[in-house]
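Student: Protein sequence lines correspond, in order, to chains U and C. If you read the first sequence in our numbering, its first letter stands for residue 42, the second for the next number, and so on. If you read the second sequence in our numbering, its first letter stands for residue 22, the second for the next number, and so on.
It should be emphasised that the hints constitute simulated quantities derived from the structure, not laboratory data. If a hint is listed, it holds; no wrong ones were tucked in.
Partner residues aside, some chain C positions facing chain U, computed with beta carbon under 7 Å: (1) Ala69; (2) Pro93; (3) Glu94; (4) Cys98; (5) Val109; (6) Ile111; (7) Val114; (8) Ala122; (9) Ala123; (10) Ile127.
Glycine is no exception: its CB is placed at the ideal position from the N, C-alpha and C atoms.
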Amino acid sequence: MREGRPTVTAVAHEVDRYLESFARLEAGAAAKEWTWFQPVRRDAMARFADLGFPTVRDEDWRFTNVAPLAQTAFAPAPEDGVSPARGQMAPFEFPGLTGSRLVFVNGRYAPELSSLGPLPAGVTVTSLAQAIPAHPDLIQAHLARYAEYHQDAFTALNTAFVEDGAFVSVRRGTVLEEPIHLLYVSTETPAPVITHPRNLIVAGEDSQVTVVEDYVSLGDGVGFSNAVTEVVVGQNSVLSHYLIERESPQAFNVSTLRVHQGRSSSVTSHSVLLGGALVRNNVHPVLAGEGGDCLINGLFLATGRQHMDNYMKVEHASPHCGSRQFYNGILNGQSHGVFHGRIIVHKDAQKTDAKQTNRNLLLSEDAQIDTKPQLEIYADDVKCTHGATIGQIDEDAIFYLRSRGIPKDSARGLLLFAFAGESLQRMKVEAIRTHLEALVAQWLPQGALLEDVR
Amino acid sequence: MLEITNLHVKAGGREILKGVDLRVKAGEVHSIMGPNGSGKSTLAQVLAGRETYEVTAGKVTYQGRSLLEMAPEERACEGLFMAFQYPVEIPGVGNTYFLKAALNAIRKARGLEELDAMDFLTLAKEKMTRLEVDDRLLTRSVNEGFSGGEKKRNEIFQMAVLEPTLAILDETDSGLDIDALRIVAAGVNSLRSPERAILVVTHYQRLLNYIVPDFVHVLVDGRIVKSGGKELALELEARGYAWVEAEARAAAPATA
Numbered sequence: 042m043r044e045g046r047p048t049v050t051a052v053a054h055e056v057d058r059y060l061e062s063f064a065r066l067e068a069g070a071a072a073k074e075w076t077w078f079q080p081v082r083r084d085a086m087a088r089f090a091d092l093g094f095p096t097v098r099d100e101d102w103r104f105t106n107v108a109p110l111a112q113t114a115f116a117p118a119p120e121d122g123v124s125p126a127r128g129q130m131a132p133f134e135f136p137g138l139t140g141s142r143l144v145f146v147n148g149r150y151a152p153e154l155s156s157l158g159p160l161p162a163g164v165t166v167t168s169l170a171q172a173i174p175a176h177p178d179l180i181q182a183h184l185a186r187y188a189e190y191h192q193d194a195f196t197a198l199n200t201a202f203v204e205d206g207a208f209v210s211v212r213r214g215t216v217l218e219e220p221i222h223l224l225y226v227s228t229e230t231p232a233p234v235i236t237h238p239r240n241l242i243v244a245g246e247d248s249q250v251t252v253v254e255d256y257v258s259l260g261d262g263v264g265f266s267n268a269v270t271e272v273v274v275g276q277n278s279v280l281s282h283y284l285i286e287r288e289s290p291q292a293f294n295v296s297t298l299r300v301h302q303g304r305s306s307s308v309t310s311h312s313v314l315l316g317g318a319l320v321r322n323n324v325h326p327v328l329a330g331e332g333g334d335c336l337i338n339g340l341f342l343a344t345g346r347q348h349m350d351n352y353m354k355v356e357h358a359s360p361h362c363g364s365r366q367f368y369n370g371i372l373n374g375q376s377h378g379v380f381h382g383r384i385i386v387h388k389d390a391q392k393t394d395a396k397q398t399n400r401n402l403l404l405s406e407d408a409q410i411d412t413k414p415q416l417e418i419y420a421d422d423v424k425c426t427h428g429a430t431i432g433q434i435d436e437d438a439i440f441y442l443r444s445r446g447i448p449k450d451s452a453r454g455l456l457l458f459a460f461a462g463e464s465l466q467r468m469k470v471e472a473i474r475t476h477l478e479a480l481v482a483q484w485l486p487q488g489a490l491l492e493d494v495r
Numbered sequence: 022m023l024e025i026t027n028l029h030v031k032a033g034g035r036e037i038l039k040g041v042d043l044r045v046k047a048g049e050v051h052s053i054m055g056p057n058g059s060g061k062s063t064l065a066q067v068l069a070g071r072e073t074y075e076v077t078a079g080k081v082t083y084q085g086r087s088l089l090e091m092a093p094e095e096r097a098c099e100g101l102f103m104a105f106q107y108p109v110e111i112p113g114v115g116n117t118y119f120l121k122a123a124l125n126a127i128r129k130a131r132g133l134e135e136l137d138a139m140d141f142l143t144l145a146k147e148k149m150t151r152l153e154v155d156d157r158l159l160t161r162s163v164n165e166g167f168s169g170g171e172k173k174r175n176e177i178f179q180m181a182v183l184e185p186t187l188a189i190l191d192e193t194d195s196g197l198d199i200d201a202l203r204i205v206a207a208g209v210n211s212l213r214s215p216e217r218a219i220l221v222v223t224h225y226q227r228l229l230n231y232i233v234p235d236f237v238h239v240l241v242d243g244r245i246v247k248s249g250g251k252e253l254a255l256e257l258e259a260r261g262y263a264w265v266e267a268e269a270r271a272a273a274p275a276t277a
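Next comes chain C alone, as it looks inside the complex:
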């Protein structure tokens, strides 16, 4: 479904990703872990189409198409979704209007009929109940004045409504209490299916107790330096990142 080959990315003149390779098949859950500043969020944002990053080399294929040539909205319409690490507050734009516009843009692209206000509300209410999201959220402006936890839940709620083919979670677990974490995990797990793939970007192993990944990759200094199964996450939790960084330095060609 997703194939990243030798991806190099710069931001503000500094190289952040230095040749990332990753292959994600339908039905799989991958986790990308790594210390702060390793490039995890950059990878997530580049996949979503953030234009402030400059791709200097490499390619990304998504469902057989070149992802990097697609506009962010086109990627969304093709089923890609990124849950933001820092969801943006948009005063004056109602959450309901926003999400309905998004869903209908995506449905239109998929050749489905657009939902009217009533059908949309029925769908939204059903998802909200399942995710224990307060339905007053619908009447407020997008993320405006939301607490950190509410913002993250709103991301998962949007994901549940938009039903993406490839979901990327950018540190969705950071700063969440255990109740919110369970809800986020439940939202993600209910999305798991043989047709879909999920990429969980996280700093902490904790979320992976609830969303059990098929593969764990460690990103250090812009490269994936180690990959393994779910037990790798536990090892990182127990031993920290220093040993992987040391291994990576030892294995790397002497460029520095």
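Isolated chain U, as found in the complex:
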């Protein structure tokens, strides 16, 4: 249903719920550790009250109706929630990764499930709440300075309700080779729970770091993860970010990645969406310094009635920057996929080289994809290209494979896996790629036939 929501009263009620819980939050204990942040919090709450939840009349939300999410009465995570056992994390581990792992259960940092490996000097990996007393300057200098809570209702909501998340800081000249795994676990709760993970990643000049943001479910709760990650990438630094959405098929997830790129920095953003009922993945890099480069690579696999919306906003704000977007989607059942790729080239961003490609496979009659490029170019010496394809599995290729003895189902599986593989191949960390390949093979109806593809 593409229509807006029924009545003005109902809409006001959706916002009121959050105003009420905001009052409780302000009165509560969490607020005290965040005294300095209070004005921002209030500002964000006021913005959310003004903005309300977006509707399909909003150009940035044309293809995604958030009414099911707006109408659900989410509660904050219970204080005395049952903590999962360490063993329950095993399915979410990446075999071969030995770096630090921070685990959050329903938005709360769970030190007993986390493991902080030996980190090189100059690297901090901790929960944001814990980092406030230790790194006040860094956090106050960067937190909520980039994510657009004045324009975006979900970012405003996150900023108003932030309690915890991950804090990663890598000092100038430091290289951290092992990826940092941030695991957000939603458990089954009596009432639907909303969490607002807030991550801050600060990579100093000449540094290198890889962060994996991973959303998972234990059980079938109808949770809503409303996450915002701010990434500040210093001059000449290399940063890779992975987002993996593999929550339960009932979950809601809105993730916003906001990257601020310094001069000659190189950023890679990978996203793999497999889970969730209603998922919105915002990727918003700003190439602020000259000569920066970013690769935005995504794969979304939807089935049943899943809705997956990939919203890109790539801002070229300086000359000689490059950006490449590659998104592949496979849609089955009655699922709905969206790729909305904005590229904004500011006036001074001459010699911009921006590229965007979105390819989609529809496996069923009822699956749907909306793909929309949106180029806003204010400089005159730039190269911007975009392309989108929507199609079915190539029947000529199926016949070719079958004519060599490969059964029909395996042939289909093989071609789908190859299509997904285009995205997976761009992921350079082998342990992550291999694990994701296995997850994708599991997702495919014919995946079991592909055991030794890799």
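Use these hints to put chain C onto chain U, whose structure you have.
Tutor: Chain C alone, transformed into the frame defined by chain U:
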């Protein structure tokens, strides 16, 4: 081995094969020649199991079984192989993985043990050397970015690895330079044996200098109108197809 009786085939509502009869015994090499649009490729594709064609009448028996009732993969497992006129590019599927999966599917169907990666690679390398195929081909995606000649050689390489009982070459010679043509012919000739049969579909006589057929058939307008020995191919080369077409028209019952 292969017996085609009164085969009628339609594509897109148009009748393309109008009663083809052909008998191929083990150990024989047959060549099917004919002008463009005569139905040569349709015949090859129908034998391989292409589903876009509709068989409206006739039957095809292969090794005593009804071929038309078998799925394409089943035909492959029973030893039928068609070298494609236009091999399909499959990005993202590695040539090695693809060919190993194909070979093992066929071996499994024949009750043989599946080859592991090492044994497969040894076999593949040996065939590649013999066919002068660049072994970088193995690390690339199936046919992706291959030149025309590389694609055709890849077909012959696959044939050499899969060792079919009945090989059908659909205009494998078209567009090949003389070196590639010799290699393709060498690949086919090394497959010749009393247990196997080969069907060479071609527009040009040139390939038949290297693969010498036992029988040559001329397909015109969906029917085999003339059959003979290898000298028929030479005659077609010298005189073109017009005279056969004229003969066929004269002999045909007045249906048009």
